[in-house]
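> Chains as they are written, first to last, in numbering that gives the first Met the number 0: chain A, 0 to 261; chain B, 0 to 270; chain C, 0 to 393.
Simulated from the structure, these hints should not be mistaken for lab results. Certain hints may be false.
Quick list of in silico lysine-lysine cross-link-like pairs, DSBU-like style, CA-CA up to 30 Å [as the list claims (entries may be wrong)]:
#1 C:Lys141 - C:Lys122
#2 C:Lys273 - C:Lys333
#3 C:Lys273 - C:Lys254
#4 C:Lys229 - B:Lys205
#5 B:Lys63 - A:Lys152
#6 C:Lys118 - B:Lys263
#7 C:Lys64 - C:Lys27
#8 B:Lys93 - C:Lys333
#9 C:Lys38 - C:Lys27
#10 A:Lys153 - B:Lys93
#11 B:Lys205 - C:Lys118
#12 B:Lys205 - C:Lys333
#13 C:Lys184 - C:Lys229
#14 B:Lys205 - C:Lys341
#15 B:Lys263 - C:Lys27
#16 C:Lys64 - C:Lys141
#17 C:Lys169 - C:Lys229
#18 C:Lys38 - C:Lys122
#19 C:Lys307 - B:Lys205
#20 A:Lys153 - B:Lys63
#21 B:Lys263 - C:Lys64
#22 C:Lys122 - C:Lys91
#23 B:Lys93 - C:Lys27
#24 C:Lys249 - C:Lys229
#25 C:Lys169 - C:Lys184
#26 C:Lys169 - C:Lys141
#27 C:Lys38 - C:Lys28
#28 C:Lys333 - C:Lys266
#29 C:Lys28 - C:Lys64
#30 C:Lys341 - C:Lys307
#31 B:Lys233 - A:Lys235
#32 C:Lys307 - C:Lys229
#33 C:Lys118 - C:Lys91
Ranges between beta-carbon positions, derived for each pair [what the hints assert, rightly or not]:
#34 C:Phe22 - B:Ala74: 37 to 45 Å
#35 C:Arg2 - A:Ser132: 38 to 46 Å
#36 B:Leu268 - A:Leu129: 33 to 41 Å
#37 C:Pro69 - B:Leu268: 21 to 29 Å
#38 C:Arg2 - B:Phe269: 49 to 57 Å
#39 B:Leu185 - C:Gly167: 54 to 62 Å
#40 C:Phe22 - B:Pro270: 18 to 26 Å
Heads up, the beta-carbon is just placed ideally off N, CA and C, and yes, glycines get one too.
Now for the letters of each chain:
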Amino acid sequence: MPTTQDSTDATARSKTTNQAVIAINNVTKSFGPQRVLDGVTFNVHRGETLAFLGRSGTGKSVLLRIIIGLQTPDSGSAIVLGTDMAQASEEDISAVRTQMGFLFQHAALYDSLTVAENVAFPLLHHRKDLSESDRHDRVQMLLNEVGLEGHGKKMPANISGGMQKRVGLARALALDPVILLLDEPTAGLDPISSGEIDELILGLQHQHQMASIVVTHDMLSAKTIATRIALMNHGKVVIEGSYEKLQGSNESFVSQFLHRDS
Amino acid sequence: MSTSPAVAATVTPDRTNPPIRPITDMLAWFGELGFFIVRVVRAAFTPPFQFSEFIRQLDEVGAKSLPLVALAGSAIGVVLALEARYSLVRFGAKALLPSAIVFAVVTEMSPIITGLVVSGRVGAGIGAELAAMKVTEQIDAIEASAVDPYKLLAVTRIAACMVALPLLTLAGSFCGVLMGWVSATLVEPISLARFLNAGFAGAGFKDFLPPTLKTAVYGLIIGTISTFQGMRAKGGAVGVGGAATTSVVLSSLFVILADVLLVKIILLLFP
Amino acid sequence: MSRTVRLGAFIVATLAVLAIGVFIIGGKKFLFNSTYSLKARFPDVAGLTAGAEVLVGGVHSGTVKSIELPHQASGQVTVNLELDKSTHEIIKQDSVASIQTEGLLGNQFVSVSFGTDGKPEVKDGDTLSTVPPLQMGALLDKANSLLGSAQNAMDNITSVTAHLNSVGSKIDSGSGTVGALINDKALYSNLNETASTARSTVSAAQAGLLDFQDNMQALKHNFLLKGYFKNRGYEDSSELGKDAVIGLPKATAVKEFTLPSRQIFDKQDSAKLKNEKAFNAVGEYLATNEFGVAIVEVSSGPSGDSDKELLLSQARAMVVHDYIVEHFGFDDSKLKTTALGKQINTTADDKSQSGWGQVRILIYPTGTPMPAASTSAPSSSAVPAASSREKMPQ
Numbered sequence: 000m001p002t003t004q005d006s007t008d009a010t011a012r013s014k015t016t017n018q019a020v021i022a023i024n025n026v027t028k029s030f031g032p033q034r035v036l037d038g039v040t041f042n043v044h045r046g047e048t049l050a051f052l053g054r055s056g057t058g059k060s061v062l063l064r065i066i067i068g069l070q071t072p073d074s075g076s077a078i079v080l081g082t083d084m085a086q087a088s089e090e091d092i093s094a095v096r097t098q099m100g101f102l103f104q105h106a107a108l109y110d111s112l113t114v115a116e117n118v119a120f121p122l123l124h125h126r127k128d129l130s131e132s133d134r135h136d137r138v139q140m141l142l143n144e145v146g147l148e149g150h151g152k153k154m155p156a157n158i159s160g161g162m163q164k165r166v167g168l169a170r171a172l173a174l175d176p177v178i179l180l181l182d183e184p185t186a187g188l189d190p191i192s193s194g195e196i197d198e199l200i201l202g203l204q205h206q207h208q209m210a211s212i213v214v215t216h217d218m219l220s221a222k223t224i225a226t227r228i229a230l231m232n233h234g235k236v237v238i239e240g241s242y243e244k245l246q247g248s249n250e251s252f253v254s255q256f257l258h259r260d261s
Numbered sequence: 000m001s002t003s004p005a006v007a008a009t010v011t012p013d014r015t016n017p018p019i020r021p022i023t024d025m026l027a028w029f030g031e032l033g034f035f036i037v038r039v040v041r042a043a044f045t046p047p048f049q050f051s052e053f054i055r056q057l058d059e060v061g062a063k064s065l066p067l068v069a070l071a072g073s074a075i076g077v078v079l080a081l082e083a084r085y086s087l088v089r090f091g092a093k094a095l096l097p098s099a100i101v102f103a104v105v106t107e108m109s110p111i112i113t114g115l116v117v118s119g120r121v122g123a124g125i126g127a128e129l130a131a132m133k134v135t136e137q138i139d140a141i142e143a144s145a146v147d148p149y150k151l152l153a154v155t156r157i158a159a160c161m162v163a164l165p166l167l168t169l170a171g172s173f174c175g176v177l178m179g180w181v182s183a184t185l186v187e188p189i190s191l192a193r194f195l196n197a198g199f200a201g202a203g204f205k206d207f208l209p210p211t212l213k214t215a216v217y218g219l220i221i222g223t224i225s226t227f228q229g230m231r232a233k234g235g236a237v238g239v240g241g242a243a244t245t246s247v248v249l250s251s252l253f254v255i256l257a258d259v260l261l262v263k264i265i266l267l268l269f270p
Numbered sequence: 000m001s002r003t004v005r006l007g008a009f010i011v012a013t014l015a016v017l018a019i020g021v022f023i024i025g026g027k028k029f030l031f032n033s034t035y036s037l038k039a040r041f042p043d044v045a046g047l048t049a050g051a052e053v054l055v056g057g058v059h060s061g062t063v064k065s066i067e068l069p070h071q072a073s074g075q076v077t078v079n080l081e082l083d084k085s086t087h088e089i090i091k092q093d094s095v096a097s098i099q100t101e102g103l104l105g106n107q108f109v110s111v112s113f114g115t116d117g118k119p120e121v122k123d124g125d126t127l128s129t130v131p132p133l134q135m136g137a138l139l140d141k142a143n144s145l146l147g148s149a150q151n152a153m154d155n156i157t158s159v160t161a162h163l164n165s166v167g168s169k170i171d172s173g174s175g176t177v178g179a180l181i182n183d184k185a186l187y188s189n190l191n192e193t194a195s196t197a198r199s200t201v202s203a204a205q206a207g208l209l210d211f212q213d214n215m216q217a218l219k220h221n222f223l224l225k226g227y228f229k230n231r232g233y234e235d236s237s238e239l240g241k242d243a244v245i246g247l248p249k250a251t252a253v254k255e256f257t258l259p260s261r262q263i264f265d266k267q268d269s270a271k272l273k274n275e276k277a278f279n280a281v282g283e284y285l286a287t288n289e290f291g292v293a294i295v296e297v298s299s300g301p302s303g304d305s306d307k308e309l310l311l312s313q314a315r316a317m318v319v320h321d322y323i324v325e326h327f328g329f330d331d332s333k334l335k336t337t338a339l340g341k342q343i344n345t346t347a348d349d350k351s352q353s354g355w356g357q358v359r360i361l362i363y364p365t366g367t368p369m370p371a372a373s374t375s376a377p378s379s380s381a382v383p384a385a386s387s388r389e390k391m392p393q
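Full structure from sequences and hints, please.
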């Protein structure tokens, strides 16, 4: 059920609850013979940004999809805002989803709608209380937030990859979600654009104090935006902690990851 | 969502979408179709109803197909007028020409031609559009936004097809009869009033309404199959092309098979 | 054009087509006019179907609503008609419904005739009188047999024609007499001469014959020869057939007089009357009663020469006829004669004693048509001659 939330209350919210917004416990998932998630357990609270890194093709994206309920784990639980996404009914899952924003790897914008219409999509379906002008205003505000004011009438096909991601972000934030899931936000972007996206995400997190999970292979990006980093290998979380903690690790796998660009 | 045209022209037919291969694939296809239909039915009869999207699709499927259907219907009318005249004159039954044209157009030619034309245009359009959405994760995005993609995408399109087809058939019949008259009158002048009078002499509602309404079944077939093929597409551009092609082929095939059944049923119900 | 406008136009336009279709068809079915119902019963509806047209005075004015079979084998099929209210004034109680076919092989329809002014109107639900429909099958059978006869006739004509043809060709080629006649000029000129010769001969003969007849008349009165004529009973052979008819009328005689010839005539081979008084009863009856025609029928016995007996019968009939006519008063022209001649099969009738034959006078009622006059003249007179009847002196 969509709650009427104002973005300015975000900071207030972060103080009122300390419960784990996302609680993943011993989740396993296999695709045929391949086990992509093998007993993954972690928590995320509001105001935290947890970055998942690992080799491409591992279950990182699958993890995000499990959290939003697009896929179900073979075993274990994924409790989001008190609802176990693996077991809950359609209704309950829908209710939780309205509190989540998901930025897909390629933005997944609706290519038959304009930028503004894309951002307005969640509002149309879940904020029916808003009048047309209110909705319009909110869309403008969101576009401003992601730095796309004035681009509302463009079609997704006609804007750059970076701009598409921004639109995706604006759409993800439309309902003022508690949770933000980001699937490879800097994938395919040049270093400067990547930096811009990172900055944006940081700023938004600051403002909204959401519980964020970022799946990425970009170490630098992770370093910039995440409060904690988890490294995955063979379906297991190898190490989890701050960047400094990772730096202190002796495992070769970790060193390889950390030192790619140095 | 307005129609985005299907992808590459050189599409290798269905590596990703059965059924041209063995029997098990075909059975699996029917099985998945069954599940799909169950989900669609459930989505259709529970709120919220995506009415504005339905209207959008109705415009897309109906109003935008109108020129094509009108053209096809007109062509049919002209061809029938010319061919029938030749045959009837040989039997000395030239006076039956208006009747022959009207009956042929309204009871069979307009429904089946409209069905096949729409099968092509709309089947390919929906199949490709939804397949493209699937491979770019747009359908996942819809679902992640707590919106039921079956309600938003499938039900609206299927319902729009079911409503649009009879309306399009009416337009096709109209054009067929009108152009049939034009064609007939150019060979041997006959007033429109007399043409219509003779053409509809002995016509009953059972010759007019059931054939027109049976196209709603065609719409159901076209909408269901193309939506199904689109929403389960995999594999990028190839997948999109394959979805579009198989949508057209299967829709056309099932429309023709359904026509055979429906004609029989109509004859049974309205002797 | 904005999307909503386009969609709206599409829906409105197509629904308009639907409406047009409904109106055209409904109009033909008189859905939109007020109607009333009538029934018509037929032993057989010859393939009429529900929905067929009803024509009044040739104008499409209604439809066949339904057709019901009867519940018993002796019943009739009921056809329920739905007619436009406007026909109420012209369909009356005496209108007749019939089932007709469009063209020769077209659809069946019901035709209702006008009633007559002044007759009472029909009410909703009334039953019309009907005529059963023409069965195409019966018509075809008739046509078939007609064709068969025609075919026979044609065959006959063909063979006759063939014959004529062969004759004609034969004639053309000069074979046979006719051929020769037609083709041979010599024969023609011969015939011509012969004909003119014959003519002159004939006129000569005529002249000669006249002379001869005069002589004969004179002879008849010559006392030497008188006896002969007297004995035979009549003078003039040429008069024998003047009142003859070919046979008896078909009607039944109201009165019959039968007299054996033996009682009447003098000799077995003569026509001379002996006992005239025997005819009194006959004569008086004829004089006093109304009758249509009376025949004197004379027959001979079983023996003798057929020709001679016939001649004798004719003579006798004439003699009897003349006597009765002269002695009794009635319309002469109503009494006729007929001669039967030799009668081989003798009935066991004792009146025709010793085989002389008999005389019957049959009298027919008024109004009986006169039998045709006999054209077979007695063999002795070939050339028509004007001769006067002469009375035999008694």
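> So, for every hint listed, does it hold in this structure?
Here's how the hints hold up against the structure:
1. C:Lys141 - C:Lys122: violated (40 Å)
2. C:Lys273 - C:Lys333: holds (24 Å)
3. C:Lys273 - C:Lys254: Holds: Lys273 (chain C) and Lys254 (chain C) sit about 24 Å apart, inside 30 Å.
4. C:Lys229 - B:Lys205: Violated, because 107 Å separates the two Cα atoms, which is more than 30 Å.
5. B:Lys63 - A:Lys152: Given that 30 Å is the threshold and the Cα spacing comes to 24 Å, the pair holds.
6. C:Lys118 - B:Lys263: violated (50 Å)
7. C:Lys64 - C:Lys27: Holds - the C-alpha atoms of Lys27 (chain C) and Lys64 (chain C) are around 13 Å apart, at most 30 Å.
8. B:Lys93 - C:Lys333: violated (73 Å)
9. C:Lys38 - C:Lys27: Holds: Lys38 (chain C) and Lys27 (chain C) sit about 20 Å apart, inside 30 Å.
10. A:Lys153 - B:Lys93: violated (61 Å)
11. B:Lys205 - C:Lys118: Not satisfied, since the Cα-Cα distance of roughly 39 Å exceeds 30 Å.
12. B:Lys205 - C:Lys333: Roughly 84 Å separates the two Cα atoms, so the pair is violated.
13. C:Lys184 - C:Lys229: violated (56 Å)
14. B:Lys205 - C:Lys341: violated (90 Å)
15. B:Lys263 - C:Lys27: holds (26 Å)
16. C:Lys64 - C:Lys141: Violated, at roughly 33 Å.
17. C:Lys169 - C:Lys229: Given pair Lys169 (chain C), Lys229 (chain C) is violated - Cα atoms ~58 Å apart, limit 30 Å.
18. C:Lys38 - C:Lys122: Holds: Lys38 (chain C) and Lys122 (chain C) sit about 11 Å apart, inside 30 Å.
19. C:Lys307 - B:Lys205: Since the Cα atoms of Lys307 (chain C) and Lys205 (chain B) sit roughly 95 Å apart, the hinted pair is violated (cutoff 30 Å).
20. A:Lys153 - B:Lys63: This hinted pair holds, its Cα atoms lying about 24 Å apart.
21. B:Lys263 - C:Lys64: holds (24 Å)
22. C:Lys122 - C:Lys91: Holds, at roughly 9 Å.
23. B:Lys93 - C:Lys27: Status holds; Cα separation ~22 Å.
24. C:Lys249 - C:Lys229: It is violated: about 36 Å lies between the C-alpha atoms, which goes past 30 Å.
25. C:Lys169 - C:Lys184: The hint holds at about 17 Å.
26. C:Lys169 - C:Lys141: violated (42 Å)
27. C:Lys38 - C:Lys28: holds (17 Å)
28. C:Lys333 - C:Lys266: holds (29 Å)
29. C:Lys28 - C:Lys64: Satisfied, since the Cα-Cα distance of roughly 10 Å is no more than 30 Å.
30. C:Lys341 - C:Lys307: OK: Lys341 (chain C) and Lys307 (chain C) at ~9 Å, within 30 Å.
31. B:Lys233 - A:Lys235: Holds: Lys233 (chain B) and Lys235 (chain A) sit about 28 Å apart, inside 30 Å.
32. C:Lys307 - C:Lys229: holds (18 Å)
33. C:Lys118 - C:Lys91: holds (6 Å)
34. C:Phe22 - B:Ala74: 37 to 45 Å: Because 26 Å falls outside the window, the suggested range is violated.
35. C:Arg2 - A:Ser132: 38 to 46 Å: violated (22 Å)
36. B:Leu268 - A:Leu129: 33 to 41 Å: Violated, since Leu268 (chain B) and Leu129 (chain A) (Cβ atoms, about 50 Å apart) do not stay within the stated range.
37. C:Pro69 - B:Leu268: 21 to 29 Å: At roughly 27 Å between Cβ atoms, Leu268 (chain B) and Pro69 (chain C) fall inside 21 to 29 Å, so the hint holds.
38. C:Arg2 - B:Phe269: 49 to 57 Å: violated (37 Å)
39. B:Leu185 - C:Gly167: 54 to 62 Å: holds (59 Å)
40. C:Phe22 - B:Pro270: 18 to 26 Å: holds (24 Å)
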